[in-house]
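Q: Take a look at the letters that make up each chain.
Protein chains: 2
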Amino acid sequence: MSLLVVGSVAFDSVKTPFGQADDVLGGSATYFSTSASYFTDVRLVAVVGDDFPDKHIDFLKSKKIDVAGLERTTGKTFRWKGQYSFDLNEAQTLETHLNVFQSFKPKLPESYKSSEVVFLANIDPDLQREVVGQVNAPKLVAADTMNFWISGKRDSLIKTLKHVDILFINDAEARQLTGKANLVKAAREIVSYGPKTIVIKRGEYGVLLFHGTSVFSAPAYPLEDVFDPTGAGDTFAGGFMGYLTWAGDFSEATLRRATVVGSVMASFNVEAFSLERIKALEDREIKHRYKEFKRMSHFEDLG
Amino acid sequence: MSLLVVGSVAFDSVKTPFGQADDVLGGSATYFSTSASYFTDVRLVAVVGDDFPDKHIDFLKSKKIDVAGLERTTGKTFRWKGQYSFDLNEAQTLETHLNVFQSFKPKLPESYKSSEVVFLANIDPDLQREVVGQVNAPKLVAADTMNFWISGKRDSLIKTLKHVDILFINDAEARQLTGKANLVKAAREIVSYGPKTIVIKRGEYGVLLFHGTSVFSAPAYPLEDVFDPTGAGDTFAGGFMGYLTWAGDFSEATLRRATVVGSVMASFNVEAFSLERIKALEDREIKHRYKEFKRMSHFEDLG
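So the sequences go chain by chain: A and B. According to my numbering, numbering within the first sequence proceeds without interruption in unit steps and concludes at 405. According to my numbering, numbering within the second sequence proceeds without interruption in unit steps and concludes at 405.
Think of the hints as simulated: they come from the structure by calculation, not from any bench. Among the hints, a few may not be true.
Copies of one chain are not kept apart here, so a pair can be met inside one copy or by any two copies together.
[Claimed, not checked] As a list, the in silico SDA-like pairs of lysine to any residue whose alpha-carbon atoms are at most 20 Å apart:
1) K282 x P119
2) K287 x D327
3) K117 x Y295
4) K396 x A355
5) K117 x D153
6) K261 x G177
7) K163 x D226
8) K389 x D403
Please model the entire structure based on the sequences and the hints provided.
A: Pasting the structure below:
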């Protein structure tokens, strides 16, 4: 199957207690597609400005990411600046310059319209719907969102969710979207908006997957050194959706494995700034860490 | 093997967003021993005042808890008053009246001195050492503590930890005790104080068990209705230590099962005020929920 992603390609400037990086490659679609590229071919939809260097496009191509849908236009590329305090749990946004993203009207190349799996990264829910509408017959649509759209464009977001099968959301945002403090109740409420599967990201505490009446709790990998959490959510979603597309089925067992694959990819991502750690992973590193997740959460039946 | 616990027996007054309860049976040793009683015989060391009704003692006896070490003295029983806000994650202490606990000098009955497993609930670290010193040849000593002792009696606590094999502590307290924000580093630091096994409680996010070079991540049960978290930590420790004592070995596999058993017991405890839910559990309810934990955290190997 084929995986399409729409989202941002950006320059990030990030400061953490361990150092800083300026104008490095970032953006939700970049992290997502790099992570997913280890499992399947990815078709990228995004926009960059004329300040975007060829070397970054060459990098994406080197990961076999299809950039036919990466529009290059006059102006500056989307820029984000943020910092993390010592606990590294939440980014504080210092600056957001939408630049060329402000007037972005995604238009899918003909070759993209047959995509079977679609991921709508965290962008304006109006744009998310525009992209879904251009895909002929998607078999599975997944989406991410954030507090900014929940508070600013709630009605549009609810409309988008009618087209979504899997929603990725963090715990605070699930509570904000539904007004329910309890995550079990929040997940059930979100199901009533459309998505059948809810993936609640809890940062250093792992992930809860709600699917039908079943709940899966995936642990997070307790890393000794976390350098930069930027992109962890998108890297998670990339591993999840990339694995799912490769597997070609959406069963409970596959969804659970996808959750752990996503967690594995995110655990690598936070070990270094930008895409430094995930840009050149080896398959055996991914498989080895998956086994460590398995070992970490294993316990025997009660005798 | 035999399990001894020293801790508080108290009257609690608790207010949550779902209701309140006044002067109900509480205290760390009460929750611990009730929870442990489902797996092994428990010997209780604590003090109560002359206001403590026989019915509560009869209840403890009905759970086959040995109360030879429960001293009854002139004065009032320890009282605690607290409340929880909507997220139910942290108790706000409104009143603490130590009463008869203030001058408590635990003295073990002869019949207790042969105890093989000892649990030092969250009390003054000086008292914790006094109790350990009276046990002839303990095979395993476990302890709990809290922010109050970490900030107020750090040196004494560090002395106690030299005698401790397993430390139960929550994540914020592990950070406070060690000055390390990262839990992997905090656990390693605590190992240098004495304990070989560190059990880090993370409330609704589950438990991390550090043992040698291995890490076990146990999920928390995502409950739809949490009524009263009071005693959850002690109920967890009671299930953990009760199971361990019953199993009679302290291997990694047993420690992991004990962690899940503790989580199972804690998940029942928070479903009602005081001991209402855990005072009359059936074995099959415990086994059933253990299986649900297993199902909740299961995922297949990568194909």
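Q: Now look at each hint and say whether the structure bears it out.
A: Hint-by-hint comparison with the structure:
1. K282 x P119: Answer is between: at 14 Å across copies they meet the 20 Å cutoff, but 33 Å inside does not.
2. K287 x D327: This pair counts as between: shortest inter-copy Cα distance 9 Å, intra-copy 34 Å.
3. K117 x Y295: neither (37 Å within a copy, 34 Å between copies)
4. K396 x A355: Answer is both; intra-copy 14 Å and inter-copy 14 Å each pass.
5. K117 x D153: neither (22 Å within a copy, 59 Å between copies)
6. K261 x G177: Neither way: K261 and G177 sit 31 Å apart in one copy and 65 Å across, limit 20 Å.
7. K163 x D226: neither (26 Å within a copy, 63 Å between copies)
8. K389 x D403: between (25 Å within a copy, 10 Å between copies)
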